[in-house]
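Q: Sequence:
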Amino acid sequence: MHWVMLLLVVASSFLGPTCRSYFLQDTVQDYLGLIEDYAVRLKRLSSEGMNTSKAEKFIKDALLLLGKGDLTEEEVAWIQSNLTAADQEIRRLESEFQSYM
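No gaps in the numbering here: position 95 of the sequence shown is 95 in my numbering, and each next residue is one more.
Be aware that a few hints might be false.
Here are the simulated DSS-like pairs of lysine-lysine, each with C-alpha atoms no more than 30 Å apart in a straight line [to be verified]:
hint, residue 1, residue 2
1, 68, 54
2, 68, 57
3, 43, 57
4, 68, 43
Hints in this document: simulated from the structure, not taken from any laboratory. Treat the numbers as computed from the prediction; the structure is a model and nothing was measured.
Throw the hints in and build the complete structure from the sequences for me.
A: Right under this line is the structure:
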């Protein structure tokens, strides 16, 4: 899980000036905020023994592309798709965890 935080810090440090437009830059910043939220939630779930590897993979794939910089609209859509899948998996895990409690 530490790799998510590390990639988030690295990506946020150089993404701003590399994006093609302000729209994409704002979108990237929004995604980084989502990823930060997901990382906190995944850390909690992982510490409770939940298998978070599927959600982590979606996030890692999105972060790797975010780190590329100069994103096309198609790449932004792909990132969105991965983050949506990560969100769905995290919600599923949270629901499953609640049922154990």
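Q: For every hint, state whether the structure bears it out.
A: Results of checking the hints against the structure:
1. The straight-line distance between the Cα atoms of residue 68 and residue 54 is roughly 22 Å, inside the 30 Å bound, and the hint therefore holds.
2. Restraint check for residue 68 and residue 57: the C-alpha separation of about 17 Å stays at or below 30 Å, so the hint holds.
3. Between residue 43 and residue 57 the alpha-carbon distance is near 14 Å, which keeps this suggested pair within the 30 Å criterion.
4. Our distance criterion of 30 Å between C-alpha atoms is met by residue 68 and residue 43, whose separation comes to about 25 Å.
Against the hints set out earlier in the document, no violation occurs for any number.
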